[in-house]
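Residue numbers (full-length UniProt numbering), protein chains in the order written: chain V, 1 to 537; chain H, 1 to 310.
Since the hints were made in silico from the structure, they are not lab data. Just so you know, these numbers come straight off a predicted model, no measurement behind them. Treat the hints with caution; some may be incorrect.
Stated by the list, open to error - DEER-style ranges, computed between Cβ atoms:
no., chain 1, residue 1, chain 2, residue 2, range
1, H, Ser145, V, Gly305, 55 to 61 Å
2, H, Ser206, V, Asn135, 27 to 33 Å
3, H, Ala58, V, Asp40, 37 to 43 Å
4, V, Ala154, H, Ala58, 52 to 58 Å
5, H, Thr110, V, Arg262, 43 to 49 Å
6, V, Thr263, H, Gly272, 36 to 42 Å
Note that beta-carbon positions come from the ideal geometry of N, C-alpha and C, so glycine has one too.
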Amino acid sequence: MADLFEGYPAGAAWDEMISGDAVRAPYQHVHRTMGTLNADELRLRADALARSYLAQGVTFDVGGEERPFPLDSVPRVIEAAEWDLLAPGVAQRVRALEALLEDVYGAQRAIADGVLPRSLIVSSANFVRAARGINPPNGVRVHVAGIDVIRDSAGGWRVLEDNVRVPSGVSYVLSNRRAMAQSFPELFSTMRVRPVADYPRRLLAALSAAAPPGVDEPVVVVLTPGVYNSAYFEHSLLARLMGVELVEGRDLICSGGKVYMRTTEGRRRVDVIYRRVDDDFVDPVVFRPDSLLGCPGLIGAARAGAVTIANAVGNGVADDKLVYTYLPDLIRYYLGEEPILANVDTWRLEEPEALAEVLDRLDELVVKPVDGSGGKGIIIGPAASRTELDEARGRLRTDPRGWIAQPVVQLSTVPTLAGDALRPRHVDLRPFAVNDGDQVWVLPGGLTRVALAEGQLVVNSSQGGGSKDTWVLGAQRRSPELHPHTGPTAAVGSGGPPHHVQGVRLDSNPNDGGLSEQTQQQQQGDHGTGQDGAGRC
Amino acid sequence: MLSRIAESLFWIGRYVERADDTSRILDAHLQHLLEDPWMEEDQACRSLLGVMGAAAPAAGVVATRQTVLDTLAYDRRSPGAIAGALASARENARRARETLSSELWECLNTTWNALPGRISGSTPHDFFAWVRERAAIVAGLVQSSTRRDATQNFILLGRSLERADMTARLIATRAVSGPAGPGWTTMLRSCGAHEAFLRTYRGRDSDTLAAEFLLMDRLFPRSVLFSLEEAEACLTRLEPADPRGHHPGDARMILGRVRSGIEYQPLLSLLGNLATEMTRVQQGCSEASDAVRLRYFPSGATDDWIGGRM
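Here chain H stands alone, though its shape is the one from the complex:
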């Protein structure tokens, strides 16, 4: 497979997952902001922006729901916002058009076409619900109509990396907002884990259990540990261990290190240092993403493109 195509596939996976997760995080946080009268809107919005890696407004300016929506949901130019991520996903799909199934391309393209109408014409909650639905269709098409070859592995690799990163950010929002912030219930709900959690722990409502669930549940597909393992599995499928049993590639090593940091660290020590640990996961994902690029998408795009040949 062409490196350029592989890179686009990888990023389709990441962008769609980013749109999905961001909409989940925002939906839960903004709903909580409405339902809990004792929340400080400015402070809550700032910490949310910060955790999502966006710049907070200047000191004098009050951050509101609208600021959050404009920055993280509706901005079509920023790849960190939902609209921007969906637009970028479609952009990447256009580049890998001949490798993608028509269904997948059309799904991403219709999503992009419908964006302006959805942004102006629906309430935030409806917008988020729509984004999640579109992401679910993409996931379904990848699952049901993509051959289990490198195509799927690159999409899944991107998706799992992004998912680990996003769940880490979600957990970090809890760590930074202090006791006044949204509780673990909100956290769980935002990644669709609330019901799964309640059933797993039979309604025992403990913060420690909730944190454990999101960090390292082995069966829940959005936990940090599950996503990291999934990403590692994709790397292994792309490049199996050599005859000596060594796994080639830096990405594998980076992910393995991050994963064992979570898997083999006592829960309480993890929890005591949650914000830092979660930043470490995000950094790990970012480094792994770079390593994947160096390994599979070797050179800077501008160098090996020959304009005009298209």
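Only chain V is shown next, with the shape it has when bound in the complex:
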């Protein structure tokens, strides 16, 4: 039996599982279990994972064919102590972004105080002037955030980018966990992995908390572009798990400054819209007039305080990659705290000396468009051809505001099934944070994206990336008070310590039972006439 880890190469990057010859502590169980499997067995389980995804419809389109979203069999494991550092770091980041948005669309103190240049904000393609004056009821604009973090070659966590518009991927976290628990039960029974199933409840609570004041039982809906959107699976999953309607733009109507949905029982008022449609398409009155995905009048209703749009319109200005470079300063400025998580070093190309240096060293750097997502438009210097680099230089010179440059970060690696063996592949991590106005809750784990090709550093699923289930190990036994099911009414049926109740014994048909006397007699009667039943069939 060939060991799956045989010939596992040591790379320049930090490997999450293996350091030198030793296996890092949190991965002991995983390594041992994977060590007992051979390639065929692991392949079988991987196929089972893929099949379960195909059945559930967790797929994406490749040239008109539905393929299961690639989920790798080897999980990514994060120790409790490490998570307890990472999660507050993410939450801190979200609080700062929240403060930034409030300021940018409000008093603009940071500009007055010289922390942010005015030109940075007003030149951002995602600074939405129409968003000024829309005041979210509980002050939250970033209801859901996805903060992409990576681990550099020294093993430290760094933030790669912030996503506060419509971060996606959380459905994969939920369905990966389900599929992994079914395929690798033995790992779950030996390791204490913090559950992720609480996410939809938290999200719904945060959305309800954001409802306009005076609404007792807010009606929350998820607004999707429609079934042809690549993230449609996620939209439907979230709506289903929250028990709310999944609506398309054409299901909504604005009338008299209020928003309704069309139902068989007539119009029904909508209070909170968790929209998964980009800013540009939300409202044809304010944004793209040709949009069929939104609903005319939404922004007006939001401005009048009749409906809450989550995440808020105009959030893109905060996750602009140039604004990103100011985030550590903004954390100090708004929160008076030291940033817990560092940024990746970034050149601002509007500074002439930075631009000169970057143009000079372009073949060893990564340049990214400031408002891009999904890995689009990224140029990785060492991998680019001479013509590509020359073209890039031209673009940087004409539009320095549109780009940033970063050193090539060796993303950490995790063993990943490649052919018949486990090989290191680069990963990042997108933890999801939900802000309900009182606290920022970070989902334990998040989406680990993995680049499936050897040496590939771009992990986006649109670029052929896959994912891994991300396990945050539990620190200690949770006390009953913190149990998520323990709401104010949780005493129902669970009062007092566990006790044993013996259920009533299950009945059975008294005529059953293979060896009763009667059966024997029947069998005797059958001699010579053939097996009973067979003759009658």
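Once you've looked at the hints, dock chain H against the given chain V.
Relative to chain V, chain H alone:
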């Protein structure tokens, strides 16, 4: 219809429903056991075994997932286990072969034939999913290709009785396992009610509402109340009220009593005493099943069988 045939039909209904519900309960509980790292496996498995009416392992022995699977899923000899229930259903179908449609018989027979392969060849989750699928086919055939006469009524009567009993057991698992046990979400999910519940209550996540939903939702076909009413309706169709408007039969009375205990008791008082109340439902179902036997399948089988005539 021959009493013997009617009895087999009744039990086909019960066994198939039992396999279906047991697979739902086990699937949800075992999945929860995996996903929640803070569960005590031994204690959780013991309470599950207990609620399902099976004997727990001796005091010194640790109950594990595997114990539960062996006892409640894979045991082909015990009618309380999924495999055993499916085998018994097929056994009963064989006795009522000439009354059943070929499709229904073949469905039960193929299921039984495929059992050994399914048990050894698939993961528990896949096995459970398969069992539910087979049960759904049986239900579909009963619905679409069985004449609405006594044949269907006896199958449905068995199914509704078993369903009321099983949902009561499911609710009881929540009552006995205490705050550490699987939450109401798991309960709802195991009878396929989670999404229906979320939509009904628009995501308001309250334990009281969940309990209410499983106990007495009038529109959800797996709630205790719905199943009891369905069983009563079957009895009425089998034997309509006499000219004085009285419903004959003890089974009717027993079920009516159990149903009103749930229907007309304040929710909070029900919830305060959940384990006992659920045991009462199970007892009621068992007594009603006995009463049905006395009324329609009158004598002990061994007495009126004449061996050798077959």
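Supplied distance hint 36 to 42 Å, evaluated on CB atoms of Thr263(V) and Gly272(H): holds (38 Å)
Assessment of proposed distance window 52 to 58 Å (beta carbons of Ala154(V), Ala58(H)): Holds, since Ala154(V) and Ala58(H) (Cβ atoms, about 55 Å apart) stay within the stated range.
CB-CB spacing for Gly305(V) and Ser145(H) relative to the 55 to 61 Å hint: holds (58 Å)
Ala58(H) paired with Asp40(V), Cβ distance criterion 37 to 43 Å: holds (39 Å)
Verdict for Thr110(H), Arg262(V) (Cβ pair) under range 43 to 49 Å: With Cβ atoms ~46 Å apart, the hint holds.
Satisfaction of the hinted span 27 to 33 Å by the C-beta atoms belonging to Ser206(H) and Asn135(V): holds (31 Å)
Of the hints listed earlier, there is not a single one the structure fails to meet.
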